[in-house]
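Going line by line, the protein sequences match chains A and B. Those letters in the first sequence? Residues 78 to 368, by this note's numbering. Those letters in the second sequence? Residues 93 to 853, by this note's numbering.
Derived from the structure by calculation, the hints contain no laboratory data. If you're wondering where the values come from, they're calculated on a predicted model, not measured in any experiment. Any given hint might turn out to be false.
[What the hints assert, rightly or not] The calculated lysine-lysine pairs, modelled on DSS-like cross-linking and capped at a C-alpha distance of 25 Å, are: (1) B:Lys234 to B:Lys151; (2) B:Lys334 to B:Lys834; (3) A:Lys255 to B:Lys537; (4) A:Lys336 to B:Lys425; (5) B:Lys326 to B:Lys234; (6) B:Lys234 to B:Lys672; (7) B:Lys425 to B:Lys136; (8) B:Lys537 to A:Lys252; (9) B:Lys228 to B:Lys136.
[Stated by the list, open to error] Only some residues are given here: those of chain B computed to face chain A with a beta carbon under 8 Å: (10) Ser561; (11) Pro665; (12) Ala668; (13) Lys672.
Positions of the beta carbon are idealized from the N, C-alpha and C atoms, including for glycine.
Letter by letter, the chains look like this.
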Amino acid sequence: MRVYLFSVLSSALLFFSGCGSDDLPDYFLLDRLRVVAATTATSAAEFSPGDSVNLSFHLIDPLGRGRSLFYSMVRCVDPGVSLGAYPSCAGNPTVTAAVTGTFVPGSAATNHYGVLAAPAFTLPSAAVVYLDPRSGSSRSAVDQFNGVGYLVVLTLTASPTETLTTFKRVIVSSKPTKNNNPTFASPALLMNGADASSVSLTAAPVSLREQLSSGSTESYSVANADGSFSPATESLTVSWLVTSGEMRVSRTDPGTENKHTPANPLPAVTSYLLIARDDRGGSTVYSLQKP
Amino acid sequence: MFFFLSLYFFSSFPVFAAEPVASESSTHPLVTIEGTLLEKGTKKPLADQNVYILPSTNKGISDAEGHFRIEGVPEGSFRIVVNVSGYERLEEEDFQEFGAPARLRTLYLPRVSYQIYETTIYGKENKRDDSTRSIKASVAMKLPGANNDPIKAVQNLPGVSRAAGFSSQVIIQGAAPQDTRYTIDGHEVPIIFHFGGFSSVILPESLDRVDYLSAGYGVEYGRAMGGLVGAWTKKPERQRFKGFVYADVINAGAAIETPIGESGSLMVGVRRSYIGNVLKAVAKEKEDSDFSLTAAPTFQDFTLVYDQPLSPKDDFRFDAVASQDSFDFVLKKPPENDPNLRGNFQSQTSFIRFIPQWTHRHSDRTTSRFSLGLGRDWIKFVLDDQFFRLASYSITNRIEVEQKWSEAFSSYFGIDNNFSWATVSLVLPDFYNSGGVSNPTATAKQLRVNAAGSYHKLGAYWNNDVKISPLWSIKPGIRFDYFTAVNEGAVAPRFAIKRELSSFSSLRLATGLYYQPPREQESNSEIGNPDLKAPRSVHLALTYERDFREGASNGWTFQGGPFARLFDRLIIPSTALIDKNGVASPENYNNEGRGRSVGLEALLRFDANPWNGWLSYTLSRSTRREPGQAWFASPYDQTHNINLIVGRDLPRNWRVAGRFRLVTGNPLTPVTGSVFDSDNDAYIPVRGPFYSDRINSFYQLDIRADKKWIYEKIIITAYVDVQNITNHANVESVSYAYDYSKRADVKGLPIIPSIGLKGEF
Numbered sequence: 078m079r080v081y082l083f084s085v086l087s088s089a090l091l092f093f094s095g096c097g098s099d100d101l102p103d104y105f106l107l108d109r110l111r112v113v114a115a116t117t118a119t120s121a122a123e124f125s126p127g128d129s130v131n132l133s134f135h136l137i138d139p140l141g142r143g144r145s146l147f148y149s150m151v152r153c154v155d156p157g158v159s160l161g162a163y164p165s166c167a168g169n170p171t172v173t174a175a176v177t178g179t180f181v182p183g184s185a186a187t188n189h190y191g192v193l194a195a196p197a198f199t200l201p202s203a204a205v206v207y208l209d210p211r212s213g214s215s216r217s218a219v220d221q222f223n224g225v226g227y228l229v230v231l232t233l234t235a236s237p238t239e240t241l242t243t244f245k246r247v248i249v250s251s252k253p254t255k256n257n258n259p260t261f262a263s264p265a266l267l268m269n270g271a272d273a274s275s276v277s278l279t280a281a282p283v284s285l286r287e288q289l290s291s292g293s294t295e296s297y298s299v300a301n302a303d304g305s306f307s308p309a310t311e312s313l314t315v316s317w318l319v320t321s322g323e324m325r326v327s328r329t330d331p332g333t334e335n336k337h338t339p340a341n342p343l344p345a346v347t348s349y350l351l352i353a354r355d356d357r358g359g360s361t362v363y364s365l366q367k368p
Numbered sequence: 093m094f095f096f097l098s099l100y101f102f103s104s105f106p107v108f109a110a111e112p113v114a115s116e117s118s119t120h121p122l123v124t125i126e127g128t129l130l131e132k133g134t135k136k137p138l139a140d141q142n143v144y145i146l147p148s149t150n151k152g153i154s155d156a157e158g159h160f161r162i163e164g165v166p167e168g169s170f171r172i173v174v175n176v177s178g179y180e181r182l183e184e185e186d187f188q189e190f191g192a193p194a195r196l197r198t199l200y201l202p203r204v205s206y207q208i209y210e211t212t213i214y215g216k217e218n219k220r221d222d223s224t225r226s227i228k229a230s231v232a233m234k235l236p237g238a239n240n241d242p243i244k245a246v247q248n249l250p251g252v253s254r255a256a257g258f259s260s261q262v263i264i265q266g267a268a269p270q271d272t273r274y275t276i277d278g279h280e281v282p283i284i285f286h287f288g289g290f291s292s293v294i295l296p297e298s299l300d301r302v303d304y305l306s307a308g309y310g311v312e313y314g315r316a317m318g319g320l321v322g323a324w325t326k327k328p329e330r331q332r333f334k335g336f337v338y339a340d341v342i343n344a345g346a347a348i349e350t351p352i353g354e355s356g357s358l359m360v361g362v363r364r365s366y367i368g369n370v371l372k373a374v375a376k377e378k379e380d381s382d383f384s385l386t387a388a389p390t391f392q393d394f395t396l397v398y399d400q401p402l403s404p405k406d407d408f409r410f411d412a413v414a415s416q417d418s419f420d421f422v423l424k425k426p427p428e429n430d431p432n433l434r435g436n437f438q439s440q441t442s443f444i445r446f447i448p449q450w451t452h453r454h455s456d457r458t459t460s461r462f463s464l465g466l467g468r469d470w471i472k473f474v475l476d477d478q479f480f481r482l483a484s485y486s487i488t489n490r491i492e493v494e495q496k497w498s499e500a501f502s503s504y505f506g507i508d509n510n511f512s513w514a515t516v517s518l519v520l521p522d523f524y525n526s527g528g529v530s531n532p533t534a535t536a537k538q539l540r541v542n543a544a545g546s547y548h549k550l551g552a553y554w555n556n557d558v559k560i561s562p563l564w565s566i567k568p569g570i571r572f573d574y575f576t577a578v579n580e581g582a583v584a585p586r587f588a589i590k591r592e593l594s595s596f597s598s599l600r601l602a603t604g605l606y607y608q609p610p611r612e613q614e615s616n617s618e619i620g621n622p623d624l625k626a627p628r629s630v631h632l633a634l635t636y637e638r639d640f641r642e643g644a645s646n647g648w649t650f651q652g653g654p655f656a657r658l659f660d661r662l663i664i665p666s667t668a669l670i671d672k673n674g675v676a677s678p679e680n681y682n683n684e685g686r687g688r689s690v691g692l693e694a695l696l697r698f699d700a701n702p703w704n705g706w707l708s709y710t711l712s713r714s715t716r717r718e719p720g721q722a723w724f725a726s727p728y729d730q731t732h733n734i735n736l737i738v739g740r741d742l743p744r745n746w747r748v749a750g751r752f753r754l755v756t757g758n759p760l761t762p763v764t765g766s767v768f769d770s771d772n773d774a775y776i777p778v779r780g781p782f783y784s785d786r787i788n789s790f791y792q793l794d795i796r797a798d799k800k801w802i803y804e805k806i807i808i809t810a811y812v813d814v815q816n817i818t819n820h821a822n823v824e825s826v827s828y829a830y831d832y833s834k835r836a837d838v839k840g841l842p843i844i845p846s847i848g849l850k851g852e853f
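In isolation and in its complexed conformation, chain B is listed as follows (with noise of 0.2 Å):
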């Protein structure tokens, strides 16, 4: 009676590997069948999943490799099916005869979308620095109108101003562009974008994440009185070998992500662009043109990323990046106001780090961060007989103590330094900018200068994040610089109090003092000013966070708030003469200038699937004084900023998006008559009240549509990424006259289409 009993109960269940089946099929032959069970397109083992045999109910579970083996299948016909949550349904239809040999059989499981969803759960994020707004790369390059970059995806986030023409420099809250330091993790570089701002200069897909840290952001950076950019790479792959090769207008590249050894893994990556050769092509064909191309504008970059756990307490991990950007060309005809900008133009900038980085856990309460920045910087340019070449070997390093006194309070105490050393040669004009407006290097003195020195900045800081109620908590922080190119040292306080209103909401203010030390030119004691001191902003911010989801995945978020900036000690420049050592000196610089930013901003985000988008706007006031000048609008204000960005996903893997931006014109001072300078043939501005004109608002509708076609062993992406569908002429500058007697729009980009293919193996 028990006999029969099992039986029934062994075979009305599903049973784990190795178990026979029921007595149906006890006169069949039993066979094995193994495989792996990996997602297709990515070939990512899908681990832990239930396979199951039929009509005879076999089951086994896959292991972190993917693979499975199920025992005691009888021979002949059967389905194999897998049903895991997130992908397709797999049945598949498959044979084994008793004796024959042994197949392994491998399973692709699709997902049921291939697009990427970004999904922050309010409360959950654990962020050092709650003025710090990440953006995934994943995401951000999937973005209309950031042609794949995360980083230029930035600057859809409220705050940031629109950088006019072909730059695509991050201006922060009204500050100057200057006062932005962009980083790759941690480590400065000297540029965050190749030339003409097509693209950055690290491989996209070898970043995890890009923060922006803007008004209060905390003492662990400084230097910086904008705010910051930082990209930070992600851990290679280090289950299986993949990679991917892409072409789009603009540039070609490839990648390919691997583990090594047990625990580690490597990325490598290379981009070179040919829109340079495109141009060249094109150019070309004028032979009576004035302007000629003699070397295609070119940028390349190289990327490598390596992850190694070196124990269960020590991490390590080393980065290499590398960037050049080259252009040549003759200029036969110089422009009409500046008759010295002809004959043969060179220019080349190149750069390269090696970032090495070892993370230690002493215990659970305390770890230390160490790593280095090692780079070489190279500029150069040539007009003729006119050039500026620049070399400079450059250390940065930072440390780490992170001490947790308790869950309710923890310490971090770091060092954050720059060493460089550089020599420069240089002849050329002394470009002499005032109002925003310059004057012809035709009329300017000739500069020449043979210099080598360091320049160093020393940073240290102490940090805590105390949280002192269930809905209170504090970050007071302190920073020290030292400047050695002024000689000067700087404490800056920071503190940050945040107020959490409920389980979806909080408030939060954070204030502080930033130090930014001078330009190396506007320091140098043969064409600075040595004398300077550091110019100085005070951050004041008020930030309101709602998640209206309440622990849903969809629905709305909202992050915004008033801030407000004031700059004094800005650096302007100078006709002054001083006395130097009694010697009346060119002061060239001095510290005259101040100014003040005050602004709202506010950023609304939807999730619902298939929907996704935000809405950024700022609304800001940037304003400067020089001596002599009531208060005027600085060149960097934009009254209004919005960012409107909406995206859906379609069957079939397509997805479509579209980004409207519209921004208030810049400002630009006007140019009220000329004089005649008969001994260099050119005409020198008489400039109007600073800024006291605008050039016209700026709109632009950009669209993105992606589609994916899913194979095995490949994910082949197409890609379309339109900016300006609307082909609407918007005004970057003005140009003037020789005579400056009249002043012509100069449009910005038009239509420009980029479509790309994407090949991941």
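Just chain A, same shape as in the assembly (with noise of 0.2 Å):
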């Protein structure tokens, strides 16, 4: 059975991994340009056919010294990733002209963390949207339901030789009762207890706690292929990101505590971000810059 042999493989590859990373850099350890999150600029994380949506990705260049970053977006209906389709919109018949610009992401004040805002774009019609480019055909109302992806594709350019690609879905579906991005609540993130933004960093390991608000888990319905609906609750993921030190692990549950080991000498600047995703394309971030 392939899916037997994958959990062994899993297994194999999980034992194999302690025998050899030690040379990879950390997923937590944000020391290059990167997109950390795309997150609408509402509350709203799904929409009908014809809506109109904003999108913020939220990038960070630590090194790059205030550079100016060139960027190319594109949209098309997702062509199938999830299925294992390449994440791109060449060849989409769906796929939208490109809109460019140029962006500078922050500030040394905040490790040249910034989020760029994309413009305002309307989601196509339900013809156009609930097509699968593959067949040409619309999908199935048990997809249209359950919600399917309008894809937006950003390339970031920084030099000729550094150039990183996005991608962020945007759900489309007819369900009435939308999904909500996550929420954080106030404190959003516990530092040794207490709020973060007032406790001083010093070299010494700090324990950490994200707080999210009682609504960010939704539970929802999921349309079955027979034509049954059946219950479902969300499952968050909270992703821990920093600019210098270690972080224990990278991805928690919610709640979950966390720990962070700073660099000794302390740089200038320490930035959190963190970033609470539900498993339906909602998303939040929190960013915290220490001192």
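Work from the hints to combine the two standalone chains into their complex.
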């Protein structure tokens, strides 16, 4: 069984991963140009055909010294990335014209973290957005209810040799109750049990715990192929990123304690970025600069 | 005069039991000496051997149970002398007083050597299928690096690719791992190795031999484009009760063999691993660890073999094999490039097989064989709220009628069916892999399946063995398969021709067509493509054999030649949509893959007591092609594969052996970039040309030392089997940074010493 082989291989790979990966960069460490998340500008994480959408791309360029980044953005109906299709709009019959521009992310005070607000766009009509570009026919009613993806692909160019590409699926569905982005509570981050924004950072390790709003985990319905509906509950994940030092784990379940060991000596600014994601395309970002 | 001549005659020569001795002893009362002659350590009765009493020169002969009785021995002191070829001479002082109570003596005769030799005499082996290579289990267990497992020893043969990392899959002549079938007594089993490849699923001591079938194998087997590895159980001990207990670094086990009734025999054995408990204890020490073993990795198995002749024409055998692998752990920290892999992980794989077999000899020319494989399989894999569960029943049946038309012509008519009924439930990401590079499961669509189905594979064959002249023989055969999952029938002709070049050399050509059904998940209507066709392969193999010993027991033998395979209708993943009943649906898989594999293999063996060994070499090229891609190296392409094994028997029951392996590194697909999936917090790899890169070549030296202590009723064996004694850090795979910006080698296993102790009684 392929799945069984996968489990065996995963197990083997997990075992092996401890036998040769010390030289690989850590996910949590923000030491290069990265797009860390793409969020919708409003609370809505799911839309109907024809809705207007504002996207924000959260990126950081800690070593870029404030350089200007060239960006290009295209949109198209999802070609089936979750099934293995390459995440690109090239050759897609629904692709839009590229929107280009330049962006300078933040300042040294934020380790050059910034939010690129993409120009607002209007989602295509149902006839287009529910189209499967591989077959040319419309997606099933089940897929339309559960939601289909409308890809927004962003390409950032820092230099002729440094280009990165990211994409976000804007979920479009026919369900009456749409998904919302999770939100951070106040305070969003606890450091050693206290509001992180008021705690001074030293070289000593600190315990960290995020706080999400009580309504962040939503319940929803899933349409089944036989026409029935099943209840489901979102599963949230929190990603932890920092510009220096070492994070105990890169990803946690909500409310799980993490630990950060700051760099010694402390840099001028330590930036924390937390991204909370639900498993339906919703996300939110919290940033904190220390000291 | 005659009387004295008679006395002279009888005093000069040893006589059979119960004959009186010469007149010199006639003044002493006569006694009877009675006892049993056994082989030291094994307690095997030594039948038909002379037992002498000196100086009176009485003699007795042991019967089938080793029992001897010598009458007319003068009372008092005497010497018992036994001198048997292959055994050390026994001479013991003894005493018997006239009128004293009778005393049964047990004589234990030690062998000159307790090491096992395999001797094959060219031309005397009457193999049904000349493409079969057989390894006697008792010999294979002593090979270095095989860790006492004869099935693992198959990997030393030419044409068998080295499987990477923990895997001990048998990859044959450039085919894929799933193209190899594994059988026990002719019946298919789902797995042949416990997890990690530490050990096979059947007790090695229950095996008689392991067969390896490669290119051009006969029609008796099918449904495998690569080949077949068949484990065959032995007849348990019929003469006496015996058994063993052993323990090594990885596991411990025990078995007994015993006669049952007048002609039957039974063997029962169990094994259980404990290496996982060691790992768990080590893992427990690291409280802050991201990895926590909640249940130790464990494997265990049970083997039963019962053999019972029912009549002069009927034989019955019954096997039972059960196997279970399990381990649980908590992964607090997911891999950097796949945040989906975290949480509580549980895995369990179990199966059981009952294999009754009946052979009936209708006459000297007609024999029928009937056997069933009744089984149940369970697979469970859980990762937090994601899971895969499978339970299946299987019935395999083999029926064969052998008809000997004449001394030069025999036919075999047979049926080889596999019926299975399975229920599957899963909630898992759709695992996408292309070019050997997997997308993170975090980016994959979630699959939800609850299904039940039947997957029947029917097979029938007709094979012929025709000796058309003293120098030429042919084996034309045909096989028919039907696969219900894809509603496809397949006719597969196969042919072999052999020319005896001399009394000690031959040339054989074998060719044929081979079909293989799609795997269950590939043809499943929900997650696969039920419209798939069965992949197929054409084989061609030319084999030259030469026995340089020319009748002697010591010397060299050679076997080798070129092989070629063409594959088409190979099943590959697909992201396309197809029209299913008017609805656009994912294709999931299609038959657009093609492949070819060519090579040259050679096996040079040397047997010259006390030395033996072999050198196997394979030169090969295995390639694949998919739509939109030029021909690329297959993931199983290993240009050079060299195995050198040398062993020597030393005095006092010592044996040392070593194995050196040198294998070209496996191809891999480079990752040239990545795209960030912001919704799933994972990077999707951008693949370069398929399998255009390679890891470094593999080389490893293993050594093994065995020492036996032979006591009257037990044999103690201690062994050390050290794999990778030079601690060379072979690269098994590569791992990538979270964004695929950097790559690191994943090193394989370091030096692994295995120490074991075994007691046979």
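- request: Take the C-alpha atoms of Lys326 of chain B and Lys234 of chain B, compute the straight-line distance between them, and say whether it is at most 25 Å.
  value: OK: Lys326 of chain B and Lys234 of chain B at ~18 Å, within 25 Å.
task: Please work out if Lys255 of chain A and Lys537 of chain B have their alpha carbons no farther apart than 25 Å.
output: holds, 20 Å
task: Would you mind confirming whether the straight-line C-alpha gap from Lys234 of chain B to Lys672 of chain B stays at or under 25 Å?
output: violated, 56 Å
Given hint Lys672 of chain B near chain A, where the shortest CB pair must fall under 8 Å: violated, 11 Å
field: Distance restraint between Lys228 of chain B and Lys136 of chain B, which requires alpha-carbon spacing of 25 Å or less
entry: Satisfied, since the Cα-Cα distance of roughly 21 Å is no more than 25 Å.
message: What's the verdict on Lys234 of chain B and Lys151 of chain B, does the C-alpha distance respect the 25 Å limit or exceed it?
response: violated, 40 Å
message: Tell me if the interface restraint on Ala668 of chain B is satisfied: Cβ within less than 8 Å of some Cβ in chain A.
response: holds, 6 Å
message: Quick check on the hint: Pro665 of chain B CB to chain A CB, less than 8 Å?
response: holds, 7 Å
task: For the hint on Ser561 of chain B, just tell me whether its beta-carbon gets within less than 8 Å of chain A.
output: At 49 Å from the nearest chain A Cβ, Ser561 of chain B fails the 8 Å test, so the hint is violated.
query: Straight-line Cα separation of Lys334 of chain B and Lys834 of chain B no greater than 25 Å?
result: violated, 58 Å
query: Holds or violated: Lys336 of chain A with Lys425 of chain B, Cα cutoff 25 Å?
result: Holds: Lys336 of chain A and Lys425 of chain B sit about 13 Å apart, inside 25 Å.
- request: Take a quick look at whether Lys537 of chain B and Lys252 of chain A sit within 25 Å of each other, Cα to Cα.
  value: holds, 19 Å
The structure is inconsistent with the numbered hints 1, 2, 6, 7, 10, 13, although it conforms to all the rest.
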